[in-house]
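Visitor: Counting from 13, one number per residue, gives the positions in the sequence shown under this note's numbering.
Honestly, the hints are just simulated from the structure, not real lab data. Cβ coordinates follow ideal geometry from the N, Cα and C atoms, glycine included. Among the hints, erroneous ones may be present.
Between beta-carbon pairs, the in silico distance windows are [stated by the list, open to error]:
(1) 142 to 35: 20 to 26 Å
(2) 617 to 406: 49 to 55 Å
(3) 357 to 279: 23 to 29 Å
With a Cα cut of at most 35 Å, we get these calculated DSBU-like pairs of lysine-lysine [as the list claims (entries may be wrong)]:
(4) 186 to 128
(5) 212 to 186
(6) 114 to 128
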Amino acid sequence: MNLHRLTLRAIGPFAGEHSIDFAALGASGTFLLEGPTGSGKSTIIDAIVFALYGGLAGSASTPDRLRSHHAAPDVEPFVELVFENGAGVHRIRRTPAYRRPKARGTGTTPANATAKLWRLSSPDAVDGEIVSISTQEAGAEVTRILGLTRQQFVQTVVLPQGEFAAFLRSTGEKRKEVLQSLFGTEIYERTTAELVERRKVANAAVAAADRDIELARARLLEASGLDADALDEALAADGAAAVLGALETEASDAAARRSRVLEVRDAARRSLDRVRALKAALDRRTDLMVRQTRLDEGDAEIATIRLRVAAATRAATVTDALAAVTRAAEAERDAASRLAEATRRVTDGEGTGSAAVDGAPVRADVAARRDARLSELALLAEAARTERGLPGRRAALEAAEQSLVDADERRRELDDRLVAAPAVRSSLVVEREALADTSTDLAAAEQATAEARVRLRDLDDLDALGRAVDVASGRLADDSAAALRALDDEAGLRRRQIEGMAGHLAASLVVGDPCPVCGSREHPAPASPGAEHPTDEQVEAASLTARAAEARQRESAARHATAEGRVAEARRALGDLTRDDVESELARLALRVSEATRARTALAAADAALVAHDREVDRLRDELDDLRERAATGRERVAADRRALLDDEAEMARLLDGHAPTIAELTAWVGDGVERDTRLLTLLDAADVAAGAAAVRRAELAAALERSGFDDVDQVAAAALEAGDLAALETRVSAHDRERAIVAAGLAEPEVAVLTGDETADVESAVEALGLVETELDEATDRATRAGDRAERTRQALAALEAVAAAADDAVEHARAVVRMANLASASTGENVKGVTLGTYVLLRRFDEVVAAANVRLSVMSSGRYELASSDEREVGSRSRKTGLSLVIRDATTDTTRDPGSFSGGETFYASLSLALGLADVVQAEAGGLELGTLFVDEGFGSLDPDTLDAVMSELGRLSASGRVIGIVSHVDELKQRIADRVEVRRRPDGSSVLRSTVG
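Based on the provided sequences and hints, a complete structural model is requested.
Guide: Quick look at the structure:
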């Protein structure tokens, strides 16, 4: 990295704006930054570091030294730096935080720090690409561009005053911190921490695997029903196969017995169906036989009625042949009309026609259909009873199924709760332990609260000191401005006095006397003093006024410095602590005290909750076992009821066959059909009779008497009947014949015809037998379900046990490597024979490289006398374990080993310089060939004798010859004679400073 130009204003002692052209100064390879002690040479180094990183070079420097106390309050302080490296040319401008005058009214207001970073096309470019306008973002971007953090920068590019020998004299722990920052070895510390964390995770995984094995074993005990000793003995002797085999054999035997009982039950159901069918057929045969007996008993009377009707008919044809013909024709038409209407109604009711002759229905078909419907009605009566029971059976079945679903849902819920129970209990235990830990923290929290209140009072004192500094700053600014004005007045008077000195001298010339200036005795044109030419008294008065103003300014500066010292001392005591930090800490401590107090109260409740949780888990296990037993029995019963319901529904569907929605409606429809068919048969008979009578009457109309069959008219009269009486008699005959046909058709049905009447149908015994078999089947089903569930749960538990055992083996195997690596990296066991952590080991190698690089230069600077060496010994004053980063000095002259603290000032300087240059070389190599173009060395040369100074300058000359630019910050006169290119810093009477660059 090469610096091109630094511009600053109102920074440190520099009240005005100043620029340094480092490119011109570095052309010769070495330049000097010189000036009196305290004039502001180190401020230039601070300005460079502030521009790049927003901080100062020295760790002991305070940020308030940036804002110049000599500048006017309304002047904005800033630092601007142009630098170049492999990433390009950049310009960065920063302003520190300071207090500026308020825009309205009196007093000041804080102005925040700002930063702006540009990428330039060339070092002299005015405008460029803005990279960042954020203070934090700009700092991160500069670190990325340079490849150096601030810590690395002040150890390799600028070597600050007062900290030059810090690395040489520091302890191993301090060197470790510096080396970690420079070489970025935090990754090895993070790697070690990660390995340690993974070791914790691996150990926790092994412990968790052991707990999983215990839990799986407990579940196996619960599933198999064996006691712990018997299970362990079985697993040790024959393994999981023997345990599972016995349970599976038991389950298989129970299932086989259930299958046998199921076959017996199905046979009993078929037997019951046969007995019920036989009983229905016997009941129908008995009814038909009773009706046939009644018909046989009425045959004689019907025969007599038939004869009487015949005689009345013949008489009617004889006595009133013509009237009979008329009446017969009317009757025939009426019968035909009624038959047609009845036929239409039957057709409408049936939705189909029936076979007919000359448009009239066939009597045999109608009779057969009616008889079939009568038989169907007998069957539908039983079906109707079954149908009426279907809704209740469906509802009961749905309720039973829903009960099973609810039981399954409850079982899953109980399983989930029991599975989650260990985690819940663990959380309760953790909560109780946390409450116990929190409750023990009350005393510590109260003590910390008292200490925080003390720190808050210290911050109040610091605020008061800050206000005193503000007052002193205002007074210093006023006195400084007054001193500047007085100096300007004095300088003006002296300038005018010098300008009018010729007139002043001419006033004392005497003719013939020599001129005190030129020596001439002639004074042809003596000058005249001006009207405003100041007198010596005026100049003296102005001088006194200026000295008094300077004295007041120095007093104000002293008071201001005293106030600032008090603030700095208070601030150092408080560190980076702020009021917000303390108030936040007090708020956190108040919450901590409150939480500890609440934790004491909540601890008893947590104990009670743990006991209640254990009781609830036991209750849930009992409920789960009961649910499993009831669910197994209920499923078989529901399955049986479902099959019976489906069978009955199929039978109903077969009977309905699409004729009606329900059996009741089908029964009503069939009954209506029987009534229609019966009426149709009656009308058919009436139509036949009417037709026959009409024919007879027409035939008899021609020869009534010849064919009457009566001997005389009296016989005809005696035989004649009224039409109503005749019709009544004919109806009786027709009803008798119809009933005879129905009975005959019923007795001819196959299921009735095969019966003798001696058969018996014991339905109650068949029902009772079926009930016994179903009870036995329920028992066998319950036993088979229990045995199968026990075997299945045992199989699952054995599989789970084997899985967690395998997982435990994997966890142990994985943990073995992780634990060993963590032990080695953290040096926590004897396996790490050196006893150093991974990060420290890496730093040891880097430190050896730094010492080797430093010795190359130290050998030259000390004329081969001294050599640096690392040591495993613990440094004086160090309380930590050995780090291997200790330093000793080997003295070749005395052949002794010395502590770095025994070096003189000059020896310390060139040893520290060698170490710093070696550190810079290693950092440059570590950063992948990072180019460090500029090096600043701040003070230390005054402690060197001439020979050593020659050796040091010779080594720095070789370094500059290799391409690096060396900036030496010193006030040593001999260096002024050696180095022509320089930056001169001079203090003004008012305490401020100015600078000037000289090249060549």
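Visitor: Please name the hints from earlier in the document that this structure breaks, with their numbers sorted from lowest to highest.
Guide: 3
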